[in-house]
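One line per chain: the protein sequences are A and Z, in this order. So the first sequence is numbered by this note's numbering: it starts at -9 and just counts up by one. So the second sequence is numbered by this note's numbering: it starts at 3 and just counts up by one.
It is worth saying that the hints were derived from the structure and are not from the lab. Everything numeric in this text was worked out from a predicted model, so none of it was measured. Be aware that one or more of the hints could be misleading.
As the list claims (entries may be wrong) - Partial list, computed: chain A residues near chain Z (C-beta under 7 Å):
#1 ALA115
#2 MET119
#3 PRO151
#4 ILE155
#5 LEU173
#6 ILE174
What the hints assert, rightly or not - Dumping the calculated SDA-like pairs for lysine to any residue here, alpha-carbon to alpha-carbon at most 25 Å:
#7 Z:LYS217 with A:PHE89
#8 Z:LYS115 with A:PHE89
#9 Z:LYS93 with A:SER318
#10 Z:LYS93 with A:ASP29
#11 Z:LYS217 with Z:PRO203
#12 A:LYS67 with Z:TYR45
#13 Z:LYS47 with Z:ILE163
#14 Z:LYS115 with A:PHE11
#15 Z:LYS217 with A:PRO186
#16 A:LYS94 with Z:LYS47
#17 Z:LYS47 with Z:PRO143
#18 Z:LYS81 with Z:LEU210
#19 A:LYS287 with A:VAL223
#20 A:LYS94 with A:SER28
#21 Z:LYS47 with A:MET119
#22 A:LYS67 with Z:VAL49
#23 Z:LYS115 with A:ALA87
#24 Z:LYS213 with A:MET119
#25 Z:LYS93 with A:PRO186
#26 Z:LYS217 with A:TRP105
#27 Z:LYS47 with Z:ASN28
#28 A:LYS67 with Z:LYS93
Unchecked claim - Derived, one-sided and incomplete: chain Z residues facing chain A with beta-carbon distance under 10 Å:
#29 TYR45
#30 ALA48
#31 ALA117
#32 ARG161
#33 ILE221
#34 ARG239
Ideal placement from N, C-alpha and C gives every residue a C-beta, glycine not left out.
The primary structure of each chain is shown beneath.
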Amino acid sequence: MKVRFGFWRIVLGLILASGLFATIVRFTRGLGASTNLSDQFPWGIWIGFDILCGVGLAAGGFTLTAAVHIFRIERFKSVVRPAVLTAFLGYLLVVFALFFDLGKPWNIWHPLVMWNPHSVMFEVAWCVMLYTMVLGLEFSPMLWEKLGWTKVLRAVKQITPVVVIMGVILSTLHQSSLGSLFLITPGKLHPLWYSPWLPVFFFLSSIAVGCSMVIFESFLSRRAFKHEIDLPVLVDLGRVALVALVLYAELRFLDLQSRDALQFIGFGTEEGRLFILEIALGIAAPVLMLAIPRIRKNPGGLFTASTLIVLGFVLNRLNVGITGLQASSGVRYFPSWMELAVTISLVGAGFAIFGLAVRHLPVFAEEVHSARASRPLATSTVVGDVPCQRVRWVWPGNSPVASASGSSSPSVGSDSFISASKGRI
Amino acid sequence: MPYAMLIDVTRCVGCGQCRDACQTQNEQPFSDAEQFSQDQFNYVKAVQVEDGERYVRRQCMHCEEPACASVCPVGALQKTAEGPVVYSADKCMGCRYCMVACPFSVPTYQWDKRAPQVRKCSFCAGRLVKGEQPACAAACPAEATVFGDRDELLAEAHRRIQEQPDLYVPTVYGEHEAGGTSMLYLSDVPFEQLGLPVGIPEESLPGLTFKVLSKIPSISMMWGTALAGTWWVIHRRMTLAADGSTPPAPQSEPESTTSAGRES
């Protein structure tokens, strides 16, 4: 257990150190010295991954807040907080990444006062700013609860429906507008990806990936933090992802067909190959898996399917942002090691901050906390938090003795509580 | 009246004086490279075709409806009434969307600078204001580049095609490309062979984006109303269910135990 703990710390440390070095080069010697970007290829992985994927993977935030606070699907409550936390962190990292990619990041506030409503990037800028603020509000109850600021907590809860509705509108605009960014490049973006429907595709796929990210990280957190997972809820999320994914696949097929672009699919070109990989990995395989109830209801199957959706989503955004623009640019782009170092550092930092938040804030504990207020049993369930802290980083099967001894009696309490609460709902 | 330039490839002798004049005007070091860079806004490229060589000069096309200006989030690029598409470095935040959006891949970037700027031909906007013609047009010894009013130059281009239909390709490059440009090309070999980007849509590119952007206010309103309505209906139902005479037993029960527990 100790070795494992140290190992991940060292890996994270090395990644962050290389990221720091790349950051210094980026800000002292410019984009040319730190990236493989060129006049022919002005957008690279910092846009293709950090921005396009960062925003997309945060989509669980608006999907689940809408489900819980607008449609009042109470059983999704147990996953809404991790989803909001992911979204908030995702957006903060997107803003952070923008400082690297923008040539003159100190002018980042300019869209506030210099308006060009004809620019999708202007819309994107406002959405990033406003939705980050909304996410901050949606996230804040975890902080107020921890601090015990009940008045503020109550005030925030009062305005939650309004905040959530604003968040859903802003997300709809933002997710789709990232696709709209490429509407102006009909001669440049490869016909396998250029489509007048790009905004709709980006929105639909964000819903599928938002649900998948919640499933994905619930399983990961269970391994890392020994949290209980609510499998039926995750299976339901898998079904939502399935519906969104099928609709998305159908529209993409019809679109390719109507533009006579099906002919470009094939193993002959790099675009064709990556397109096939994107569809097979990110749509066909997970749709098949989720459509079969036996696989969908199986933890392993559900986890694999959601991982595939996330990977396929990342590949799609990289294809739109990088692969599809390569042929017309006449150059080949592959990120420099410093571009990769910054990107991986951001992902690493995201994981680390998520871990910290889970340890110190009531992220996975909404049920436990509401129980504390409403049930005399509370005193015993409070202890339910402790084993999570003591045996964090224990991976299943790694050290059965430690986890068993650390969590035996209190986890029984929390288990019984969760089953009791399920009975109530 | 917007200005334009007519570039007749059949007249160009490849002397490169337009390029040299451009570099002098913009105080750039001499370069005869055949591509744009942060220090070269105009280049002359020699192209091999069946019956010999052609020379084609390239510079910003100064689109009638420029994609670069429409995508700039802060309006750092603007189409002026006289025709030039000009850039204000003070506004620019360096997102480089203009470079991605330009159908002719014209804008370049100062990748090696700590405060980089987008760089491209300005159609000598400063000279135009003073009533002078652009440096390149003034320098051309063969009248291969002619400066003037766009409508007049377009008429002149079609007149030349009509007079020598056997010589010219029957279209004017730039008349319709990307919704029309201020730079108009005439050639006796297909434009594709000259290396000019072909397959550029004839519709205005900003229009492709604006079709979607213009729907945003109504979509936001409808979406917001629908969401708020849904919330209200469901919330109301749940409130009524909770306050009703037969509340769901499991919800009311723990509350009563709490109050009892607190009192004791």
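Verification of the hints:
1. Hint on ALA115 of chain A holds. Least Cβ distance to chain Z is approximately 5 Å, under the 7 Å limit.
2. Taken as an interface hint, MET119 of chain A does not check out: its beta carbon lies about 12 Å from the nearest beta carbon of chain Z, beyond 7 Å.
3. The restraint placing PRO151 of chain A at the interface with chain Z holds, with a minimum CB-CB distance near 5 Å, inside the 7 Å limit.
4. For the restraint placing ILE155 of chain A at the interface with chain Z, the shortest Cβ-Cβ distance is roughly 5 Å, inside the 7 Å limit, so the hint holds.
5. Using the Cβ-Cβ criterion of 7 Å, the hint placing LEU173 of chain A at the interface with chain Z is satisfied: the shortest such distance is roughly 5 Å.
6. Below 7 Å, beta-carbon pairs count as interface contacts, and ILE174 of chain A has one with chain Z at about 5 Å; its hint therefore holds.
7. As the CA atoms of LYS217 of chain Z and PHE89 of chain A are separated by approximately 30 Å, the hinted pair breaks the 25 Å bound.
8. Taking the CA atoms of LYS115 of chain Z and PHE89 of chain A, the gap is about 16 Å. The hint holds against a cut of 25 Å.
9. Using a Cα cut-off of 25 Å, the hinted pair LYS93 of chain Z and SER318 of chain A is violated, with the two alpha carbons roughly 29 Å apart.
10. Distance check on the hinted pair: LYS93 of chain Z and ASP29 of chain A sit about 20 Å apart at the alpha-carbon level, within 25 Å; holds.
11. Among the hinted pairs, LYS217 of chain Z with PRO203 of chain Z is consistent with the structure: their alpha-carbon atoms are about 22 Å apart, no more than 25 Å.
12. For the given pair, LYS67 of chain A sits about 62 Å from TYR45 of chain Z by alpha-carbon distance, which is inconsistent with the 25 Å threshold.
13. A distance of roughly 23 Å separates the Cα atoms of LYS47 of chain Z and ILE163 of chain Z; the hinted pair therefore holds under the 25 Å criterion.
14. With a C-alpha separation of about 18 Å, the suggested pairing of LYS115 of chain Z with PHE11 of chain A holds against the 25 Å cut-off.
15. Between the alpha carbons of LYS217 of chain Z and PRO186 of chain A the distance comes to roughly 14 Å, so the proposed pair stays at or under 25 Å and holds.
16. At most 25 Å may separate the alpha-carbon atoms for a hinted pair to count; LYS94 of chain A and LYS47 of chain Z exceed this at roughly 33 Å.
17. Restraint check for LYS47 of chain Z and PRO143 of chain Z: satisfied, since their Cα atoms lie roughly 17 Å apart, inside the 25 Å limit.
18. A hinted pair counts as satisfied when its Cα atoms are at most 25 Å apart, and LYS81 of chain Z with LEU210 of chain Z qualifies at roughly 18 Å.
19. With a C-alpha separation of about 10 Å, the suggested pairing of LYS287 of chain A with VAL223 of chain A holds against the 25 Å cut-off.
20. With a C-alpha separation of about 16 Å, the suggested pairing of LYS94 of chain A with SER28 of chain A holds against the 25 Å cut-off.
21. Using a Cα cut-off of 25 Å, the hinted pair LYS47 of chain Z and MET119 of chain A is violated, with the two alpha carbons roughly 45 Å apart.
22. With a CA separation close to 66 Å, the supplied pair LYS67 of chain A and VAL49 of chain Z exceeds the 25 Å bound.
23. For the given pair, LYS115 of chain Z sits about 19 Å from ALA87 of chain A by alpha-carbon distance, which is consistent with the 25 Å threshold.
24. In summary, the hint linking LYS213 of chain Z to MET119 of chain A is supported, as the alpha carbons are separated by about 24 Å, within the 25 Å threshold.
25. A threshold of 25 Å between alpha carbons decides the hint, and for LYS93 of chain Z with PRO186 of chain A the separation of about 30 Å lies outside it, so the pair is violated.
26. For the hint linking LYS217 of chain Z to TRP105 of chain A, the alpha-carbon distance of about 18 Å falls within 25 Å, and the restraint holds.
27. Of the pairs offered as hints, the one joining LYS47 of chain Z and ASN28 of chain Z holds, with about 20 Å between alpha carbons and a cut-off of 25 Å not exceeded.
28. Distance hint between LYS67 of chain A and LYS93 of chain Z is unfulfilled; the C-alpha atoms sit about 45 Å from each other, more than 25 Å.
29. Using the Cβ-Cβ criterion of 10 Å, the hint placing TYR45 of chain Z at the interface with chain A is not satisfied: the shortest such distance is roughly 13 Å.
30. The criterion of a C-beta within 10 Å of any C-beta in chain A is not met by ALA48 of chain Z, whose closest approach is roughly 18 Å, and the hint is violated.
31. Hint status for ALA117 of chain Z: holds, given a least beta-carbon distance of 6 Å to chain A, under 10 Å.
32. At a threshold of 10 Å, the smallest CB-CB gap from ARG161 of chain Z to chain A is about 30 Å, leaving the interface hint violated.
33. Restraint check, ILE221 of chain Z versus chain A: the minimum CB separation of about 8 Å is within 10 Å; hint holds.
34. Interface hint at ARG239 of chain Z: satisfied, since its Cβ lies 9 Å from the closest Cβ of chain A, which is below the 10 Å cut-off.
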